[in-house]
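Peer 1: Please model the complete structure; the sequences and the hints are all you need to start from.
Sequential numbering of the sequence shown, starting at 1303, is according to our numbering.
These are computed hints drawn from the structure, not numbers from a lab.
Ideal Cβ placement from N, Cα and C applies to all residues, glycine included.
Hints are not guaranteed to be accurate.
What the hints assert, rightly or not - Have a look at the derived ranges for each label pair, beta carbon to beta carbon:
1. R1415 - E1361: 34 to 44 Å
2. D1314 - F1352: 26 to 36 Å
3. N1411 - F1441: 19 to 29 Å
4. F1341 - K1417: 26 to 36 Å
5. K1479 - Q1356: 16 to 26 Å
6. C1435 - R1481: 21 to 31 Å
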Amino acid sequence: MNRTKKTNERSDFEYHIVCFGAGGSGKSALTIMLCHNHFAEEYDPTIEDFYRKQVMVDEEICWMEILDTAGQEEYSAMRSQYYRQGEGFLLIYAINDRNSFDEVGKFQNEILRAKDSDYQPIVLVGNKADLDCERQVSFHEGQDLAKTFGCSFIETSAKTCINVEEAFFQCVREIRKFRNQFNSIDSQIQKNPNLKKSKKRVVKKKRKTRCSLM
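Peer 2: Below, the structure is given as structure tokens:
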């Protein structure tokens, strides 16, 4: 599989998205469907794959730089690096796998700890929606967990290409909101240094009040 060369430079048009989830939740299948319009029936368990795709989100061109991470526990030591690299995160579980749903809370906690923050742009993704007859996690359970996280929620299917683009596009929107909020605060801080602590207060409030269901 071809991997795009990584760069350390970021622009306003680049959005660094990291996908997390248990092994077998369909992270790689979602990313491959988005970037190559192909459903991968079989593939080697991911250690790390990097993709770059130009898209139009809400009439604005952007480059999504997507890191598809290892879900296997033996690669857990690598996750702290992934957390630091990401601007936005897709937390993915399979609706037919209760254990994968139970694991996403761990990823969310580790992201906030690594970022030393109470809020980060996150989209909770219930994947494999085409396997509704095997469902172990209800739609409402996904909604409720997203409310707990203060994040967006969507169900997807890589196999039938349901909401694949929308999941990643929503992450771009969340990153934009996050950037705009902090750019606004930074401009105010330049005028009044006493406002420096307001960033964390605003983020805490945002985490408690925001939840978008799609």
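Peer 1: Hint by hint, say whether it matches the structure.
Peer 2: Evaluated hints:
{"no.": "1", "hint": "R1415 - E1361: 34 to 44 Å", "result": "holds (36 Å)"}
{"no.": "2", "hint": "D1314 - F1352: 26 to 36 Å", "result": "violated (20 Å)"}
{"no.": "3", "hint": "N1411 - F1441: 19 to 29 Å", "result": "holds (23 Å)"}
{"no.": "4", "hint": "F1341 - K1417: 26 to 36 Å", "result": "holds (33 Å)"}
{"no.": "5", "hint": "K1479 - Q1356: 16 to 26 Å", "result": "holds (21 Å)"}
{"no.": "6", "hint": "C1435 - R1481: 21 to 31 Å", "result": "violated (41 Å)"}
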